[in-house]
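S.K.: Here's the letter readout for the chains.
There are 2 protein chains.
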Amino acid sequence: MICKRSSHQPELTMNASRRHFLAAAAAPSALRAAAPPAAELYNKLGGILKQPVLKKHLFKSPVIIESLELLRLDNQFLCRVRSSAGAEGISVAHSTMKTLWPIFFDNLQPFFLGKDARELDLILEKVFVYGFNFRFNGISLGIPLATIEFAILDMLGRLAAKPVGELIGEIHNPEVGLYMATEWREKPVEESIRLIRDAVAEYDIHALKIKIGGLMFMTADMYAEGPKGRTEAIIPLVRKTFGDSMALYADANGFYTVPEAVRVGRLLEQYKYRYFEEPVMFDHLEDIRQVAQALALPIANGEQDYSFYGFRWLLAHGGLD
Amino acid sequence: MICKRSSHQPELTMNASRRHFLAAAAAPSALRAAAPPAAELYNKLGGILKQPVLKKHLFKSPVIIESLELLRLDNQFLCRVRSSAGAEGISVAHSTMKTLWPIFFDNLQPFFLGKDARELDLILEKVFVYGFNFRFNGISLGIPLATIEFAILDMLGRLAAKPVGELIGEIHNPEVGLYMATEWREKPVEESIRLIRDAVAEYDIHALKIKIGGLMFMTADMYAEGPKGRTEAIIPLVRKTFGDSMALYADANGFYTVPEAVRVGRLLEQYKYRYFEEPVMFDHLEDIRQVAQALALPIANGEQDYSFYGFRWLLAHGGLD
Numbered sequence: 001m002i003c004k005r006s007s008h009q010p011e012l013t014m015n016a017s018r019r020h021f022l023a024a025a026a027a028p029s030a031l032r033a034a035a036p037p038a039a040e041l042y043n044k045l046g047g048i049l050k051q052p053v054l055k056k057h058l059f060k061s062p063v064i065i066e067s068l069e070l071l072r073l074d075n076q077f078l079c080r081v082r083s084s085a086g087a088e089g090i091s092v093a094h095s096t097m098k099t100l101w102p103i104f105f106d107n108l109q110p111f112f113l114g115k116d117a118r119e120l121d122l123i124l125e126k127v128f129v130y131g132f133n134f135r136f137n138g139i140s141l142g143i144p145l146a147t148i149e150f151a152i153l154d155m156l157g158r159l160a161a162k163p164v165g166e167l168i169g170e171i172h173n174p175e176v177g178l179y180m181a182t183e184w185r186e187k188p189v190e191e192s193i194r195l196i197r198d199a200v201a202e203y204d205i206h207a208l209k210i211k212i213g214g215l216m217f218m219t220a221d222m223y224a225e226g227p228k229g230r231t232e233a234i235i236p237l238v239r240k241t242f243g244d245s246m247a248l249y250a251d252a253n254g255f256y257t258v259p260e261a262v263r264v265g266r267l268l269e270q271y272k273y274r275y276f277e278e279p280v281m282f283d284h285l286e287d288i289r290q291v292a293q294a295l296a297l298p299i300a301n302g303e304q305d306y307s308f309y310g311f312r313w314l315l316a317h318g319g320l321d
Numbered sequence: 001m002i003c004k005r006s007s008h009q010p011e012l013t014m015n016a017s018r019r020h021f022l023a024a025a026a027a028p029s030a031l032r033a034a035a036p037p038a039a040e041l042y043n044k045l046g047g048i049l050k051q052p053v054l055k056k057h058l059f060k061s062p063v064i065i066e067s068l069e070l071l072r073l074d075n076q077f078l079c080r081v082r083s084s085a086g087a088e089g090i091s092v093a094h095s096t097m098k099t100l101w102p103i104f105f106d107n108l109q110p111f112f113l114g115k116d117a118r119e120l121d122l123i124l125e126k127v128f129v130y131g132f133n134f135r136f137n138g139i140s141l142g143i144p145l146a147t148i149e150f151a152i153l154d155m156l157g158r159l160a161a162k163p164v165g166e167l168i169g170e171i172h173n174p175e176v177g178l179y180m181a182t183e184w185r186e187k188p189v190e191e192s193i194r195l196i197r198d199a200v201a202e203y204d205i206h207a208l209k210i211k212i213g214g215l216m217f218m219t220a221d222m223y224a225e226g227p228k229g230r231t232e233a234i235i236p237l238v239r240k241t242f243g244d245s246m247a248l249y250a251d252a253n254g255f256y257t258v259p260e261a262v263r264v265g266r267l268l269e270q271y272k273y274r275y276f277e278e279p280v281m282f283d284h285l286e287d288i289r290q291v292a293q294a295l296a297l298p299i300a301n302g303e304q305d306y307s308f309y310g311f312r313w314l315l316a317h318g319g320l321d
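One line per chain: the protein sequences are A and B, in this order.
Residues in the first sequence are numbered consecutively from 1, following this note's numbering.
Residues in the second sequence are numbered consecutively from 1, following this note's numbering.
Worth double-checking, as some hints may not be accurate.
[Claimed, not checked] Within a straight-line C-alpha distance of at most 30 Å, the following computed DSS-like cross-link-like pairs (lysine-lysine) qualify:
hint, chain 1, residue 1, chain 2, residue 2
1, B, Lys126, A, Lys187
2, B, Lys162, B, Lys60
3, B, Lys60, B, Lys126
4, B, Lys162, B, Lys55
5, A, Lys50, A, Lys162
6, B, Lys126, A, Lys228
7, B, Lys98, B, Lys187
8, A, Lys162, A, Lys56
9, B, Lys126, A, Lys98
10, B, Lys98, A, Lys126
11, B, Lys187, A, Lys126
12, A, Lys187, A, Lys98
13, A, Lys50, A, Lys126
14, A, Lys55, A, Lys44
15, B, Lys126, B, Lys98
16, B, Lys50, B, Lys126
17, A, Lys98, B, Lys98
18, B, Lys162, B, Lys50
19, B, Lys56, B, Lys98
20, A, Lys126, B, Lys228
21, A, Lys228, B, Lys50
22, B, Lys162, B, Lys56
23, A, Lys50, B, Lys228
24, A, Lys126, A, Lys162
25, A, Lys126, A, Lys55
26, B, Lys162, B, Lys126
27, B, Lys187, B, Lys272
Treat the hints as calculated values from the structure; they're not laboratory data.
Using the sequences and the hints given, assemble the complete structure.
M.R.: The following block contains the structure:
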């Protein structure tokens with residue numbers, strides 16, 4: 001299981017108002033007729049994309065990237081960046097770095113060396129062109145690139161004596177909630193519930209994400225399907241087990257077709273789950289929109305899709321909440 | 001430069017009739033009103049997707065994959081597959097395997113071992129789920145996966161004593177033409193022309209693809225733009241240099257915006273180029289469609305986009321020729 005930051009407060013009223021706000025901005029089902037057309041939303045999103053992200057004015061002199069290292073201990077990786085003036089930043093890499101480290105060295109490191117870290121906006125735009133890097137779309141480029149970006153932001157934050165959030169925006173919530181993401185989709189209902197309960201107890205968690213659907217990613221058996229009827233049983237049982245005050249989320253990792261996702265989504269609504277993550281495959285944009293428009297439950301997406309195209313389309317067409 | 005197989009014959013009449021055929025099937029500009037709606041084309045494409053690809057009936061007994069190796073000499077890789085009965089297949093990997101070999105071993109090899117190669121259709125479907133492999137969308141998964149697939153098809157072809165084409169379809173053209181793809185986008189016009197002419201002469205080539213636009217993938221300089229005015233000069237000059245009998249293609253590798261792509265496309269039409277590859281970024285589906293609908297020149301796409309979603313959308317919306 002993984003503990004993740006969540007911007008959701010653990011009150012059950014939260015999503016309803018968030019949904020309401022987004023409904024007005026991005027055209028889901030009930031308000032479709034009143035919502036601005038996609039072209040207008042495209043213009044708005046285009047304007048947002050053009051705004052600079054990093055606050056360059058916080059840094060008066062160049063911060064030249066002199067070295068960019070990947071430090072390995074078994075299958076754990078740290079990234080360390082150093083400036084020519086001796087500033088240092090560190091980031092922790094995701095576990096897939098054990099597979100993706102050659103992309104760090106072949107496709108990314110050479111581009112960053114010698115550049116002024118204050119140009120991070122432009123660097124991140126242009127690194128996609130370097131070496132045809134845009135061809136490595138997905139986590140293959142995303143993980144090593146994010147690792148480098150975090151190390152650079154850490155270095156810049158230390159230089160400016162500010163948290164990273166203040167380098168790129170305003171900090172609205174000095175404290176953020178945590179949710180626990182559990183992952184026992186292949187186990188029978190009773191065993192899943194026991195494992196989820198143990199995990200929740202260990203961390204005194206008030207928000208919980210469970211996995212639903214039969215995505216058998218952990219086995220090479222092509223015919224594996226997972227316990228039959230698990231989804232239909234576990235959705236009400238998790239609510240019953242943890243009570244109304246627990247904030248619940250569900251993640252299908254793209255498993256369902258549109259009609260199945262809508263059917264399962266209605267069950268999630270009935271038991272007051274707060275969002276449904278990746279109900280259908282992450283890059284099937286029209287399918288995601290169909291699910292979003294059929295359900296009042298907010299739809300989450302974007303763990304895999306790093307393209308501006310996908311986000312822009314989904315936001316402009318009422319496919320994301 | 002690279003010599004590639006091309007299904008295009010070197011007669012200048014070819015694309016016009018191909019375009020005509022596709023216009024009737026997939027709804028580009030002039031015939032849009034008469035074309036079937038996207039939903040109908042989706043059904044048709046869905047039906048095609050459901051058809052089996054590998055002719056399993058050619059193999060009476062199981063072909064169990066016993067080993068799957070990657071053989072390395074410096075930065076060159078061969079893939080060798082062997083069956084439990086001693087059959088063998090070999091494929092040559094693309095040069096990016098020097099960066100992607102851990103994906104071969106971590107994400108793919110374990111899934112293939114012990115499986116019956118006659119199940120290739122199902123294997124290729126399910127391997128995307130194994131280890132969340134769909135997250136590695138793009139060439140990171142595509143190159144190692146295609147390398148394995150080719151080795152398996154080579155093994156099956158040897159077993160059936162048939163060329164690979166006959167394992168998955170009918171061979172319509174026993175001989176296919178070659179085109180040469182040149183790549184000197186960063187060089188001034190005169191030098192580009194000299195290099196292209198030398199390459200063409202060396203191989204006695206009758207079909208040629210040039211690179212246009214200013215995509216500076218070979219340099220870490222964020223401000224590099226390439227020779228000014230090169231595209232406008234080289235398009236007519238290549239036609240003039242090689243004459244009307246040379247089949248010409250152009251590839252922008254996604255460099256242009258829609259209006260720029262349409263402007264450059266009209267110049268390509270004027271000088272009787274036969275297709276325009278990746279005029280805009282490969283996954284910007286709506287932009288690709290806009291370019292396709294504004295030009296009579298056929299649009300090529302798909303070197304980077306491996307998703308069924310993208311192809312299906314483009315085919316059903318008249319975005320590809």
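S.K.: Which of the listed hints are not met by the structure?
M.R.: 19
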